[in-house]
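**Student:** Sequence:
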Amino acid sequence: MAAVTLSVSTVKPLGDRVFVKVSAAEEKTAGGLYLPDNAKEKPQVGEVVALGDGKRNDDGSRQQMEVKVGDKVLYSKYAGTDIKLGTEEYVLLSEKDILAVVA
Numbered sequence: 133m134a135a136v137t138l139s140v141s142t143v144k145p146l147g148d149r150v151f152v153k154v155s156a157a158e159e160k161t162a163g164g165l166y167l168p169d170n171a172k173e174k175p176q177v178g179e180v181v182a183l184g185d186g187k188r189n190d191d192g193s194r195q196q197m198e199v200k201v202g203d204k205v206l207y208s209k210y211a212g213t214d215i216k217l218g219t220e221e222y223v224l225l226s227e228k229d230i231l232a233v234v235a
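Each residue of the sequence shown is one higher than the one before, starting from 133 at the first, in the working numbering.
Hints listed in this document are in silico derivations from the structure and should not be mistaken for laboratory results.
Predicted, not measured: the structure shown is a model, and the values here were computed from it.
Treat the hints with care, as some may be off.
List of simulated lysine-lysine pairs, BS3-like, C-alpha gap at most 27 Å [as the list claims (entries may be wrong)]:
| no. | residue 1 | residue 2 |
| --- | --- | --- |
| 1 | 200 | 228 |
| 2 | 174 | 216 |
| 3 | 216 | 153 |
| 4 | 200 | 187 |
| 5 | 153 | 204 |
| 6 | 228 | 144 |
| 7 | 187 | 204 |
| 8 | 153 | 187 |
| 9 | 209 | 144 |
| 10 | 209 | 153 |
| 11 | 174 | 209 |
| 12 | 204 | 174 |
| 13 | 228 | 204 |
| 14 | 228 | 216 |
| 15 | 209 | 228 |
Just the calculated beta-carbon pair ranges, DEER-fashion [as the list claims (entries may be wrong)]:
| no. | residue 1 | residue 2 | range |
| --- | --- | --- | --- |
| 16 | 192 | 162 | 45 to 55 Å |
| 17 | 228 | 144 | 13 to 23 Å |
| 18 | 211 | 188 | 35 to 45 Å |
| 19 | 141 | 234 | 21 to 31 Å |
Note that CB positions come from ideal geometry on N, CA and C, so glycine has one too.
Using the sequences and the hints, build the whole thing.
**Tutor:** What follows is the structure, encoded as structure tokens:
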């Protein structure tokens, strides 16, 4: 079996999938206490780095994606598939799992 090297530029989501770079988790609380790694919550905010072509409609046309590359998005807590490329963490999720675009 051949080895495959993945990078962000080689990942192209299919259909209505979105590839999101996960933002770093909070290191300390509002009170100033530092959190250990096992106490940090999984972040739900990230930046869109790649998009699929969109969902296919019944007539065969593609539905345009509502987000674009570079958008900062809020997504469901347990949505998608977690992917680690090098030291960076990403999540591959369906567009319907995106809750909002963060300004």
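**Student:** Are the Cα positions of residue 174 and residue 216 separated by 27 Å at most?
**Tutor:** With a Cα-Cα distance of about 14 Å, the restraint between residue 174 and residue 216 holds, given a limit of 27 Å.
**Student:** Would the hint linking residue 153 and residue 187 be met if the CA-CA limit is 27 Å?
**Tutor:** holds, 21 Å
**Student:** Regarding residue 141 and residue 234, is the given constraint of 21 to 31 Å on their beta-carbon distance met?
**Tutor:** For residue 234 against residue 141, whose Cβ atoms are near 24 Å apart, the range 21 to 31 Å holds.
**Student:** Residue 209 and residue 153: Cα distance at most 27 Å?
**Tutor:** Holds, because 14 Å separates the two Cα atoms, which is no more than 27 Å.
**Student:** Just tell me: holds or violated, for the beta carbon distance of residue 228 and residue 144 against 13 to 23 Å?
**Tutor:** The hinted range 13 to 23 Å holds for residue 228 and residue 144, with Cβ atoms some 19 Å apart.
**Student:** Run the distance test for residue 216 versus residue 153: straight-line Cα separation, threshold 27 Å.
**Tutor:** holds, 10 Å
**Student:** Does the alpha-carbon distance linking residue 228 and residue 144 stay inside the 27 Å limit?
**Tutor:** Distance ~18 Å between residue 228 and residue 144 Cα, so the pair holds.
**Student:** In this structure, is the beta-carbon distance linking residue 211 and residue 188 contained in 35 to 45 Å?
**Tutor:** violated, 21 Å
**Student:** Between residue 204 and residue 174, is the straight-line Cα distance small enough, at 27 Å or below?
**Tutor:** holds, 16 Å
**Student:** Given the hint that residue 209 pairs with residue 228, does the C-alpha gap stay at or below 27 Å?
**Tutor:** holds, 13 Å
**Student:** Does residue 204 lie within 27 Å of residue 187 when you go C-alpha to C-alpha?
**Tutor:** Holds, at roughly 21 Å.
**Student:** Does residue 144 lie within 27 Å of residue 209 when you go C-alpha to C-alpha?
**Tutor:** holds, 23 Å
The earlier numbered hint that this structure contradicts is number 18, and it is the only one.
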